[in-house]
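Turn these sequences into a full structure, and let the hints guide you.
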Amino acid sequence: MSNPGAPSLDQLTIFLAIVDAGSFAGAARRLNRAVSVISYGIANLEAQLGIELFEREGTRKPRLTVAGRALLAEARAISRGVEDLRAKVKGLLEGLEAEVDLAVDVMLPTERVGAVLREFAGRFPTVQLRLHMEALGAVTAMVQGGAAMIGVSGPLSLGVEGIESIAAGSVALIPVAAPDHPLGRTARIPPGAAREHTQLVLTDRSRFTEGRDFSVVSPRSWRLADLGAKHALLREGVGWGNMPLQMVADDLASGALVRLAMSDHRGGIYRFSCIWRREAPPGPAASWLVDRFVALGAEDLPAEGLSDV
9 MSNPGAPSLD
19 QLTIFLAIVD
29 AGSFAGAARR
39 LNRAVSVISY
49 GIANLEAQLG
59 IELFEREGTR
69 KPRLTVAGRA
79 LLAEARAISR
89 GVEDLRAKVK
99 GLLEGLEAEV
109 DLAVDVMLPT
119 ERVGAVLREF
129 AGRFPTVQLR
139 LHMEALGAVT
149 AMVQGGAAMI
159 GVSGPLSLGV
169 EGIESIAAGS
179 VALIPVAAPD
189 HPLGRTARIP
199 PGAAREHTQL
209 VLTDRSRFTE
219 GRDFSVVSPR
229 SWRLADLGAK
239 HALLREGVGW
249 GNMPLQMVAD
259 DLASGALVRL
269 AMSDHRGGIY
279 RFSCIWRREA
289 PPGPAASWLV
299 DRFVALGAED
309 LPAEGLSDV
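Under the working numbering, the first residue of the sequence shown is numbered 9, with each subsequent residue one higher.
For the record, the hints were derived by calculation from the structure and aren't laboratory data.
One or more of the hints may lead you astray.
[Said to hold, decoys possible] The calculated label-pair distances, taken between Cβ atoms and stated as ranges, are: (1) P117 / A42: 53 to 61 Å; (2) D258 / R37: 54 to 62 Å; (3) L137 / Q56: 33 to 41 Å; (4) L139 / A269: 30 to 38 Å; (5) I59 / L139: 40 to 48 Å; (6) L17 / A106: 17 to 25 Å; (7) A129 / A42: 35 to 43 Å.
Yeah, the Cβ is synthetic: ideal placement off N, Cα and C, and Gly gets one too.
This is how it looks when you write it as structure tokens:
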């Protein structure tokens, strides 16, 4: 037989039940059917495919043939695909989103993002999540433009027309430099001294940051849209700059970076908000994300002596 027929889902279900139960009788009990129905179903599947799936001679338990073993993985993949499809349809019927686009500020600690997304994957396996890591006003721009359903944004989202927001914690930003940088070698930096050295500044191209600077002290600055690149350049001693405390904690402990004792610039508090468009409120899965980011943000400890950036 050179052209095998197309097996039905029920036939594949019977095939997998026999394999998993180890016998025709076990498959019958598992599927709540008569043994004769199981035997008939697998015989029809073999006839349709034109191959034998089980060795029945000389053994009390059916054993997979070479062909049966070759087809087992494909049968399981088809079965899982159908189960996933049914679960997704069930979620849609219950109002669950098919997909969620989430934009997250790069300042948000990656450990927090990872913990939330890991839990999300287990709780909403049928919802496709697309994650966007953005800087400053780009998070708000994505949500406002509809490219993201929800976002975890920095303070630039506050007061934006059509955007709803709820507080979701904060992170302390502190000035740092490499220990061999001139500022890194200075125990107490006098007022105005940082202006003489290149400051590495995070930036983006959204309209929300046009003409605005945040915690920029030096007229000599390098603008970067990548927080990771800024981190790497700071470690290389290229300049000084503000970084999230959690992101550089290990560097401070190891001595790869030092916290700058600047009397006129101690850093600041960078506050987060979960945001969404007023006209497109989040569904069940997106709302769960908002609730988790808000709950974890509520655990943030206030940074003493620092004001909002």
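Against the structure, the hints:
1. At roughly 58 Å, the beta carbons of P117 and A42 sit within the given window of 53 to 61 Å.
2. Against the hinted window of 54 to 62 Å, the Cβ-Cβ separation of D258 and R37 comes to about 56 Å, which satisfies the hint.
3. Distance hint check: the CB atoms of L137 and Q56 are about 39 Å apart, consistent with the given range 33 to 41 Å.
4. At roughly 37 Å, the beta carbons of L139 and A269 sit within the given window of 30 to 38 Å.
5. Checked against the hint of 40 to 48 Å, the pair I59 and L139 passes, with Cβ atoms roughly 44 Å apart.
6. In this structure, L17 and A106 meet the distance hint of 17 to 25 Å, their C-beta atoms being roughly 22 Å apart.
7. Taking the beta carbon of each, A129 and A42 are about 40 Å apart, inside 35 to 43 Å as hinted.
The structure shown violates none of the earlier numbered hints.
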